[in-house]
Amino acid sequence: RPDPVRWNEAVELVLVGTFKKVAVADPLLLLGIETYRDGPMPGPVGALLALTAVLVGGYFDITGYIDIARGSAKFLGIDMQRNSLLPLLRSTGYADFWRRWQLTVMMWFRDYVFLPLRGRHRVAWREHVALFGTFFVLGVWHGLTVGWALWGVASGVIIVVERTIQGRRAAARRAQRRRARQARDRSMLPRTPDPRISLAIALVLVMATFPLVGAERLSDLGDLYGPFVNWDGPAPSADLVWMTALALVALQFVDRREQRREDRAGTPDPVNLPRAVAFGAMVVAIVVFSGPAPQSFLYFAF
1322 RPDPVRWNEA VELVLVGTFK KVAVADPLLL LGIETYRDGP MPGPVGALLA LTAVLVGGYF
1382 DITGYIDIAR GSAKFLGIDM QRNSLLPLLR STGYADFWRR WQLTVMMWFR DYVFLPLRGR
1442 HRVAWREHVA LFGTFFVLGV WHGLTVGWAL WGVASGVIIV VERTIQGRRA AARRAQRRRA
1502 RQARDRSMLP RTPDPRISLA IALVLVMATF PLVGAERLSD LGDLYGPFVN WDGPAPSADL
1562 VWMTALALVA LQFVDRREQR REDRAGTPDP VNLPRAVAFG AMVVAIVVFS GPAPQSFLYF
1622 AF
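Count the sequence shown with our numbering and you get residues 1322 to 1623, in order.
Keep in mind the hints are simulated off the structure, nothing from the lab. All values derive from a computational prediction rather than experimental measurement. Some clues are possibly wrong.
[Claimed, not checked] Taking CB as the label site, the calculated pair distances span:
{"#": "1", "residue 1": "1611", "residue 2": "1498", "range": "53 to 59 Å"}
{"#": "2", "residue 1": "1474", "residue 2": "1514", "range": "23 to 29 Å"}
{"#": "3", "residue 1": "1497", "residue 2": "1399", "range": "44 to 50 Å"}
{"#": "4", "residue 1": "1611", "residue 2": "1482", "range": "26 to 32 Å"}
{"#": "5", "residue 1": "1612", "residue 2": "1493", "range": "55 to 61 Å"}
{"#": "6", "residue 1": "1440", "residue 2": "1519", "range": "25 to 31 Å"}
{"#": "7", "residue 1": "1329", "residue 2": "1491", "range": "42 to 48 Å"}
Glycine included, every Cβ here is placed at the ideal spot set by N, Cα and C.
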């Protein structure tokens, strides 16, 4: 006998996944790539919007694929685990961003690349070498190109620096807590870091390294980063502006809804009026944006 709760979850996953792919990822990726790479060199604002469009579009493409797969599996009585953990809203650092971006891939690289490189003993220098090596291998695993190799090197350096800073801050916070206990003064306790600042720094670093993957040779770097100093570049198109803005609004709703759905998995969660309106809007958006030729999922490239 079909389980109505499971079927409701399955229908929602397939609907949301289709919306992510058809109504957001495909048009957004086309606009972003056309602006950044295929058209005239944009100015800084246009380049930033185009990179944002490609990043958000790529996220919706990948998670849309997983949502459809998970929903289809639920129809067959199979529960698949989440493969993404709100990287664009909850990340606390550069390494945490990529861990959240692809949970299963990062767990595989942790178990079969990082841990063998580091060895059994947690020596700082070996851990740093292992981190750098893991992200370099992760880069060339995506593609044996100059761009992916550069991304792996840059990401490895960033993560080693980030881990070093985090270690020093953690040591300083432990020392501050000891002094607060000795003085019996709670005002001396370290303050909790603002997660919004950590997220902002992580996203800036992700955006800064993102253009590297498009390099076919070292000489391409000037063209890839040139838009950020091209003050005479054309203004971004209206289509890019409004599509990116709508995608960011959709990101807030879809990711927050995903968290609620996962928290209540297996329990009844009746559709209320606001959610019904949102789901109806998704269906309309799927119909509106389903005209152009469909694009393959990014997953198929790897």
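Verification of the hints:
no.	hint	result
1	1611 <-> 1498: 53 to 59 Å	56 Å, holds
2	1474 <-> 1514: 23 to 29 Å	28 Å, holds
3	1497 <-> 1399: 44 to 50 Å	48 Å, holds
4	1611 <-> 1482: 26 to 32 Å	44 Å, violated
5	1612 <-> 1493: 55 to 61 Å	56 Å, holds
6	1440 <-> 1519: 25 to 31 Å	30 Å, holds
7	1329 <-> 1491: 42 to 48 Å	43 Å, holds
Hint violations for this structure: number 4 only, all remaining hints satisfied.
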